[in-house]
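Trainee: When we follow this note's numbering, the leftmost residue of the sequence shown carries the number 4, and every step to the right adds one.
Keep in mind that the hints were calculated from the coordinates and are not lab data.
Mixed in with the good hints, there may be bad ones.
[As the list claims (entries may be wrong)] With beta-carbon atoms standing in for the labels, derived distance ranges:
1. E43 - A98: 34 to 40 Å
2. G72 - E46: 20 to 26 Å
3. A133 - D56: 19 to 25 Å
4. S14 - T54: 31 to 37 Å
5. A133 - G32: 36 to 42 Å
6. T138 - D56: 24 to 30 Å
7. E57 - R124: 36 to 42 Å
8. D103 - G32: 35 to 41 Å
9. A82 - T138: 20 to 26 Å
Built from N, CA and C at the ideal position, the CB exists for glycine as well.
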Amino acid sequence: MAEIGFYHLSSMPLARALPRLLERACAQGHRIVVRAGSTERVEHLNALLWTYDEASFLPHGSARDGSPGAHPIWLSDRAENPNDATMLVLVDGVAAEDLDAFSRCADLFDGSDPAAVEAARDRWRQAQAAGHALTYWQQSESGWEKKA
């Protein structure tokens, strides 16, 4: 069973929260798949990870780059794990049927979008019914606070 963290984005947009989460996960030794809602979104995230901070670098790739095993972070819009990742990061409200293929999962959702919040609740209920260990994190002024 995967350990799944639901991350309620409220004070920081995905473009700022995702790189920080990826930096932390890489520092913990995780290989990561970031699963987005479309090919266009994968390309957007690819550009974001190259430009989010001039002083930092997150080694990543996507199908456009090839050689998934060479990339600790793999960006995709498909249900795949080509870089033997231990962690899955879900964005854009993407649901995953293959959670058991990962030890950890982070589900990031936009707290200002009622439809995204409701969809995250549905994913929570499904993951809970499947027996996964769940945590709920909400942004505050000082960072992330564990709420459940």
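Trainee: Next step is simple, just say for each hint if it's right about the structure.
Mentor: Tested hints:
Here the CB-CB span from E43 to A98 is close to 19 Å, at odds with the stated 34 to 40 Å. Checked against the given bound of 20 to 26 Å, the beta carbons of G72 and E46, roughly 21 Å apart, stay inside it. The hinted window of 19 to 25 Å between A133 and D56 is violated, with their beta carbons roughly 36 Å apart. Under the hint 31 to 37 Å, the C-beta atoms of S14 and T54, about 22 Å apart, miss the expected range.
For the pair A133 and G32, the beta carbons lie near 26 Å from each other, so the given range of 36 to 42 Å is not met. Here the CB-CB span from T138 to D56 is close to 27 Å, well matched to the stated 24 to 30 Å. Remark: the range hint 36 to 42 Å for E57 to R124 is upheld by a beta-carbon distance near 38 Å. Roughly 20 Å separates the CB atoms of D103 and G32, a value that falls outside the hinted 35 to 41 Å.
Judged by the Cβ atoms, the range 20 to 26 Å given for A82 and T138 holds: they are separated by roughly 23 Å.
Checked against the numbered hints given earlier, the structure breaks hints 1, 3, 4, 5 and 8 and satisfies all the rest.
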